[in-house]
Amino acid sequence: MLITSAMGFGQVKEIFNKSYDAKDLKSLNLQFNGTYVEFSLSEDDKVHFDYTLEFENYSKKEIEHKLSEIKTEATIKDGVLEFKTSGSEAKNDVSYSLETLYGIEFEGDFINFKEKSNREFRKSKQYFLAINNSSRGKSLKEYLKNLREVDKNGNKKKINTKNVKILRTKFSIKLPPEIMIRVMAENSNLVFKNDINNQLVVNARTTQLKFQSIQNPFNILDVVNGSFRANFLEGGTYKFTHVDEVQVAQLKKVDVDTEFSNIKVGEIAEKVRIVDFNSKFWFHNFSQNFREFQMSSDYSEINLFFPEKSEYFIETYGYNTVHYWAKLITEIPPSRKKEHSKMMVIGDKENPNKIKIHITNGIVRFGEDFIDIGK
Amino acid sequence: MQQDIREFFKAEEELKTLPENHRKDFLDKLNAQKDTKKVSYLWLKIAAVAIVALTVGFSLFYNQPTEEISPMIAQVEAVEDKYLKEINTEWENFIAIANDEVLIARFEKRLKALDDDYQIISEQFKNDSNNILVVEDLVENLQTRLQILKDIQEHIKILNQKSEQNEKSI
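Chains A and B, in that order, are what the protein sequence lines are.
FYI, the working numbering numbers position 48 of the first sequence as 574, with every residue one higher than the one before it.
FYI, the working numbering numbers position 112 of the second sequence as 510, with every residue one higher than the one before it.
Next up, chain B with everything else stripped away, as it sits in the complex:
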């Protein structure tokens, strides 16, 4: 597999562990994103109201109420969106430095299994969006995906620090 060696080193440079202030950074970004979300929901609401008005015009007996999205669902959607973007970035970084197809296939399978689990937990969340334990399961699932991708990159980075010493006998 041919690869531009400059890309290889670039990927390695980007390989970092979580910075110490990652929580604060993340929450700041999250809050900023929440504001953006509100704007998009406003448009959605306007559109929904317009549709309802049109529907009422056709039939006095038919009324489609607009439904407020629960604050918890909005929060989880924002967190999910942010995590998935980071997971995707880490996946790209991982496949850029991993030269073992078996390893990549095993991680692909592992991430698929985690995603399948996530879909099951999401169903539980739909039915019980106020259950913080379900929310914790969702977040833990996303964290696990991100963490295993960061850990394996760190592992590969250590292995790639080669030396000539082959054997020590004590």
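In isolation and in its complexed conformation, chain A is listed as follows:
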């Protein structure tokens, strides 16, 4: 069913608009491929889907072609509502597309590596809450900044914004609070605008994920590539593989398995366990009663700011590992028996707030207010 209407300068096309009573549903199975979706809380115990696209500067034929590529279906079987959509290829709420006779050229820097600073300062949990809440895609001006249109003589000129096709995706799914949710996402962008207490099972590949608070002891999230941002994670197991950006304001009662990822945590709260291979970590703060933080890793780089809110006990064991703390360097070379040796002990062993790190082939840096990483 397609409904067309004119809104502003663009043409609005309705892709899918349906509501389902959650009383008859045990769970939701949502499958996204190349889609931008915003989730929020349903207030009437119904699951609501509202998916529209707004086209600007598209011809009728181009709109028809785009719509023909989008496949959306919903079925209910044995109390499971299964919803699938693919083909939009919109990874953001606003997507731009250019068509030129002789092509375009990029005038920016293709070699734009993220500059590393040598000194990193401790950041507050609030800092992470603020960045995780911010949401902004590229504006048209930013998008076109480094692009130039090439004419038939090879001359370059600025791109006329009238020649840019703009696709705005408005896809909202409203979720009732009790229902179990299973999400499979590929090449997508999912934004959860409210706290989620539902049981959540997520398999995401090359997808941008953004959450507020997720709380459920039975949650299972498996994320490969893409990015992950959340304010609070409480309960469940998380797996991050090759995720270049994991930013969480607070971790609590979670088991985390990571590999080849970059993880920044604003605050470690109660009972957090991490197992890793070759990731980089920044642990900025510990909550007042964090009880126990355990970490076991191989080829990891761990940057940890000492707890400030409570007394603590730290014990580290290492094999072929280096510790840095201000000007103090502790190293454990590889042993013949290939056993871990005790490297560092701080505080009273009886203290309930414990940090235990077992690390092989790793680098651990400790800091009070800042950590120097240039060494």
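I should point out that these hints are in silico values taken from the structure, not numbers from a laboratory.
One or more hints might be untrue.
[Claimed, not checked] Under 8 Å between C-beta atoms, here's a sample of chain B residues computed to sit facing chain A:
| id | residue |
| --- | --- |
| 1 | S468 |
| 2 | Q473 |
| 3 | I502 |
| 4 | R504 |
| 5 | R508 |
| 6 | L509 |
| 7 | D515 |
| 8 | Q517 |
| 9 | N528 |
| 10 | N529 |
| 11 | H553 |
| 12 | I556 |
[Unchecked claim] Calculated cross-link-like contacts (lysine to any residue; reagent style SDA-like; alpha-carbon spacing at most 20 Å):
| id | chain 1 | residue 1 | chain 2 | residue 2 |
| --- | --- | --- | --- | --- |
| 13 | B | K548 | A | D898 |
| 14 | A | K806 | B | E552 |
| 15 | A | K642 | B | K555 |
| 16 | A | K664 | B | I530 |
| 17 | A | K778 | A | N757 |
| 18 | B | K524 | A | S623 |
| 19 | B | K524 | A | E595 |
| 20 | B | K524 | A | T626 |
| 21 | A | K806 | B | L512 |
| 22 | A | K642 | B | K524 |
| 23 | B | K524 | A | Y628 |
| 24 | A | K678 | B | S468 |
| 25 | B | K480 | A | E633 |
| 26 | A | K806 | B | L509 |
| 27 | A | K682 | B | I530 |
| 28 | B | K548 | A | F803 |
| 29 | A | K688 | B | D526 |
| 30 | A | K597 | B | Q522 |
| 31 | A | K592 | B | E521 |
| 32 | B | K555 | A | T886 |
| 33 | A | K688 | B | E552 |
| 34 | A | K691 | B | E534 |
| 35 | B | K480 | A | F632 |
| 36 | B | K510 | A | K592 |
| 37 | A | K765 | B | S468 |
| 38 | B | K548 | A | E785 |
| 39 | B | K510 | A | E668 |
| 40 | B | K555 | A | I855 |
Just so we're clear, the structure is a prediction, and the values are computed from it rather than from any experiment.
The C-beta atom is built at its ideal place from N, Cα and C for all residues, glycine as well.
For chain A, the structure is supplied; the task is to place chain B on it using the hints.
Then chain B, alone, in the frame of chain A:
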């Protein structure tokens, strides 16, 4: 595994982080390479025109138009070529200093996964070569490969700076 120890130290000496002016150097090299590319495309064009002329000679109804390569595709090809060469060099440097087969196997797998992703993004690029977001994904993929190889070498270099101190208790 036997290895000439001089090679080992040579590899370590070569292990550097990205120099501060790497962007400019790279772009300079890229521009120089673009000129070289133009020459090779000229020959390709001449060859294509010759083929078309021959084809027209056989049939008046058959005409194969020559297709201009888009500037963006040419740019991306040049960047890709340059990056892949650097990635290959860094891979050789990495396996020269890594004495952990498990680590090498994990990196091999990681790079293979990145290459598989690259092929998927390349398909998107073929269909939409004017989409700068797809181009950014391609470049980011190449940068990630290069960066993880440089990072692990830096990591190994730090671990190899051994000292006799075994335990500190504070």
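Find the hints from earlier in the document that the structure breaks and name them by number, from lowest to highest. 3, 6, 8, 22, 33, 36, 37 and 39
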